[in-house]
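Given only the sequences and the hints, what does the whole structure look like? Please build it.
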Amino acid sequence: MALADAPVLDDLARSLTRPFYSPAEVATLAGVSSSTILNYIHANRLAAIQLSERTYRIPRKAVLRLLGAAGPAPTLVEEPAKDPDSQH
Amino acid sequence: MIATDTLTDGEVRLRRNRLRDHLDSFGDLAIRDVGENRPRRLLEFRLSAPGDPCDQEVEAVFREYYDRAGARGWRIAKYTYEYRDLRRGTRLAYHLHSLDASPELVPHAHCGGEAGDETGHLRAVPYELMEANAIFMKLYASDADPDCSAFLPLALTRP
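Protein chains in written order, with the working numbering: chain A, 1 to 88; chain B, 89 to 247.
All the pointers check out, no bait thrown in.
Okay, the calculated beta carbon distance ranges per label pair:
#1 A:ARG14 to B:GLY161: 41 to 49 angstroms
#2 A:SER22 to B:ARG163: 38 to 46 angstroms
#3 A:PRO72 to B:LEU240: 38 to 46 angstroms
#4 B:VAL149 to A:GLY31: 31 to 39 angstroms
#5 B:GLY161 to A:PRO72: 32 to 40 angstroms
#6 A:ARG54 to B:ARG128: 42 to 50 angstroms
#7 B:ARG163 to A:ALA81: 16 to 24 angstroms
#8 A:SER86 to B:ASN105: 23 to 31 angstroms
#9 A:SER52 to B:GLY161: 35 to 43 angstroms
#10 B:ALA238 to A:ALA73: 36 to 44 angstroms
#11 A:THR55 to B:GLN144: 24 to 32 angstroms
#12 B:GLY161 to A:ALA70: 33 to 41 angstroms
Okay, the calculated bits of chain A under chain B, using three or more residues with CB under 8 angstroms as the criterion:
#13 10-18
#14 50-61
#15 76-84
Just so you know, the hints here were simulated from the structure itself, not pulled from any lab data. For each residue, glycine too, the CB sits at the ideal point set by N, CA and C.
Right, here's the structure in full:
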């Protein structure tokens, strides 16, 4: 779900400074209903932490990803010949 | 419960990619895959949250070590799943590795602060990486310290 163009998404990424958001807050940001966000969570389309039976918190990065502003991609370093026991 | 089955090269890579996709939702993620051509291999996932450009508040580092099992297989040898809350100076960790001189793998936990008030080895069940991450992120989302008093010491004391 990409909702806006790149400059707007950059502004969005900077404006979301809290680590977690409620489904209602994410619904407002995405312009959908809270039940849609809950459906995404239950379908494993949106990462969320379940704090209690009916309380979820959605991590900032997952919110950005939902809105099409995913932020930095994961980095991968492969060192096939190195001995992992010498790593820290 | 962590899988103890032998994984093929392809299954290790698939696991790495699945974990990447999962963990990437929780913050900025750096992955290292070390030793694929050696008898021991390390998969390391270093998660920094909440993610750029916010200041880092917590770090979770998941390390899984695999030993060669047969020509193209890998079996989990040990793991360390570590969570540190940099604001609170607290730590929660789930480990599976041998203790002392015994070759037996012992699942256990560590809990406490950065300042040395560690509680030693604590009793814990084995965890799958995503289970450990769920515990860590729930702690983060709750804005709470780990409840170290809820853990029993690893060593059994019999009267």
